[in-house]
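Undergrad: In order, the protein sequences belong to chains P and H.
Counting from 1, position 200 in the first sequence corresponds to residue 649 in the numbering used here; the numbering is continuous, with no gaps.
Counting from 1, position 72 in the second sequence corresponds to residue 74 in the numbering used here; the numbering is continuous, with no gaps.
Simulated from the structure, these hints should not be mistaken for laboratory data.
For clarity, every value in this text was computed on a predicted model and none was experimentally measured.
Wrong hints could be hidden among the right ones.
[As the list claims (entries may be wrong)] Quick list of the computed label-pair ranges, beta carbon to beta carbon:
{"no.": "1", "chain 1": "P", "residue 1": "D586", "chain 2": "H", "residue 2": "H88", "range": "21 to 29 Å"}
{"no.": "2", "chain 1": "H", "residue 1": "D103", "chain 2": "P", "residue 2": "D884", "range": "55 to 63 Å"}
{"no.": "3", "chain 1": "P", "residue 1": "G800", "chain 2": "H", "residue 2": "D103", "range": "54 to 62 Å"}
{"no.": "4", "chain 1": "P", "residue 1": "V452", "chain 2": "H", "residue 2": "A33", "range": "46 to 54 Å"}
{"no.": "5", "chain 1": "H", "residue 1": "P87", "chain 2": "P", "residue 2": "I466", "range": "23 to 31 Å"}
{"no.": "6", "chain 1": "P", "residue 1": "E794", "chain 2": "H", "residue 2": "A33", "range": "51 to 59 Å"}
{"no.": "7", "chain 1": "P", "residue 1": "D574", "chain 2": "H", "residue 2": "G54", "range": "33 to 41 Å"}
{"no.": "8", "chain 1": "P", "residue 1": "E793", "chain 2": "H", "residue 2": "G54", "range": "21 to 29 Å"}
{"no.": "9", "chain 1": "H", "residue 1": "E100", "chain 2": "P", "residue 2": "D671", "range": "21 to 29 Å"}
Just so it is clear, CB atoms sit at the ideal spot from N, CA and C, and this is done for glycine as well.
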Amino acid sequence: MTVVRIGAGAGYSGDRIEPALELAEHGALDYLVFECLAERTIALAQQARLRDPEAGFDPLLGDRLRAVLRTCAERKIRIITNMGAANPLAAARETARIARVLNLGGLRIAAVTGDDVTDLVRRADLPLIEAQGRVADVAGRMVSANAYLGAGPIVTALAGGADVVITGRVGDPAMFLAPLIHEFGWSMDDWPRLGAGTLVGHLLECAGQITGGYFADPGYKDVADLARLGFPLAEVAPDGSAVITKVAGSGGQVSLATCKEQLLYEVHDPARYLQPDVVADFSGVRLAPDGPDRVRVAGATGTPRSGLLKVSIGYIDSHIGEGQISYAGPGALARAKLALRIVEERLKLTGVRTSELRLDLIGVDALHRGPNLGKGPEPAEVRIRVTGRADSLAEATRIGNEVETLYTNGPAGGGGAWKSAREVVAVVSTLIPEDQVRPAVTYEVV
Amino acid sequence: MKLRELAHARTGDKGDVSNISVIAFEPGDYAFLVEHVTAERVRNHLADAVKGEVVRYELPGLGALNFVLQQALGGGVTRSLLLDPHGKSLSSSLLELEVPDRQGSDR
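One chain only, chain H, in its complex shape:
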């Protein structure tokens, strides 16, 4: 199944750094996200955009993960050649990520 079935996401930008939050619709799915949505998987999924390292922060209280992607915005929002220089659409692209089928999920 796609990550979209379990989580929602939002991208933010600062310079050449993008951050993408991945937030469980259901708090009970948070541990599953921690297990399957790793920094490495995110980096591989967005390899075309991300040239630097990816760091993951965990927010169990919110049921959310926050990924910080270095060198991810074509050299920086204000000078990028990309059609989407802010990387606003990276979050939607990340929701395409395949995760194992979730048993017992409502969705």
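Okay, chain P solo, but in the shape it has when bound:
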């Protein structure tokens, strides 16, 4: 192939549905990739799977695939997604059911497994990365541990004829790198090309964040038609250089500025962007305009991978309770501050045990609006927010309760109280040697 066209159909699990269909219909794509698995999502999915063995994959998988599967099958667009979350095998079975309903006989669906390393991580006391501490600190409360797999098993699935590849945890860029390795026959130790392909994946993985989403700032950075934001596609050449663009007529923009922001998004040292397949080097990247909504990207390279895989560990961290209530009119700020002092004192008086407490003042125009409001030196309204960490749900619940009781016990005119309490599944990370992980590919044929 001379050019491979890859589109990004989602940048997170709850992302908009229809931009992916627009790409499938009008993007002349070879591949459509859905990135839907944030750090914590897989831990929550694992909890769902423990309750129901056929659950644990992305709850929007059905909606997304019903929207694009027929178009993709007709146009030979292959789909790659991490919507398998904690249960890629069940996700593949669900995809096969959807394909049967749509009468898409012959569709071949691959599930990539092997990222679940819970047992492995439980046995080894490894240091954490991106935070302080060791795995042992959370081992007793662990919900899930998943290694970021590389492109390898996805390439295997594509070589095996898969029309849809469903993974659990993989490096996000690997979902875009894999079809490039497959189509161009890149070697798994061709570090410069793996680095270039990783950049393509990095730029596309957050979908609308490179086409004008997470960017607009009226008067400084104006973006047209964000309600109809088009998602990006890359036209990738065999050397790994690419043009980033979007479907003509869709909302948003692809510009040097949007590409620069996304290039550095969630990057630390740009010369060492650590991925399972390569250490990518973005320090020498060159961007150039290539017509309306087209940016040419070249100059990314790479060095040998570390041989270590990042592992995300989901664990039950704590419980967070929260309460909010608003005050308006003259003295709103003084009454809001009084309210915070009252809640703080009540939490002490009633013995609510928190390891951390935060008191915020929020507000512009949620309570009242009009030409005469908000003109004075003090805010027209202030909403207090009290949030604290506790060891149990019962204890966390008491935080919001002490905000709600301000209705009848606190300053004048408190309105719109709201409270919540929730268990916190948090994520920490560690590293394990890649040879301890055994990826596998399983097929469902419709």
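For chain P, the structure is supplied; the task is to place chain H on it using the hints.
TA: Showing chain H alone in chain P's frame:
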């Protein structure tokens, strides 16, 4: 003047680490950013949020700086008590940074 007049910015998050890109609107302003938007100034400006060290990476080819802020997300995105646990708004806050008036700038 405020940094907002010369540059745009975006925040990313990983664990308890935030990174903020600061990108010159005009490539000619890059050297000015290098001089005036130092890691120390960024750390002081965001002192309420950032508990760890700040490291700056320079990308002259993009006219951009990348700041990596340790212990900046209330203990980590997934457990933070902050209203904005990802720190998405840190970039906007950084654009408030005062820099010397830029002679000859278009803005």
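Undergrad: For every hint, state whether the structure bears it out.
TA: Comparing the hints with the structure gives:
no. : hint                        : in the structure
1   : P/D586 x H/H88: 21 to 29 Å  : holds, 23 Å
2   : H/D103 x P/D884: 55 to 63 Å : holds, 58 Å
3   : P/G800 x H/D103: 54 to 62 Å : holds, 55 Å
4   : P/V452 x H/A33: 46 to 54 Å  : violated, 37 Å
5   : H/P87 x P/I466: 23 to 31 Å  : holds, 25 Å
6   : P/E794 x H/A33: 51 to 59 Å  : holds, 53 Å
7   : P/D574 x H/G54: 33 to 41 Å  : violated, 24 Å
8   : P/E793 x H/G54: 21 to 29 Å  : holds, 27 Å
9   : H/E100 x P/D671: 21 to 29 Å : holds, 25 Å
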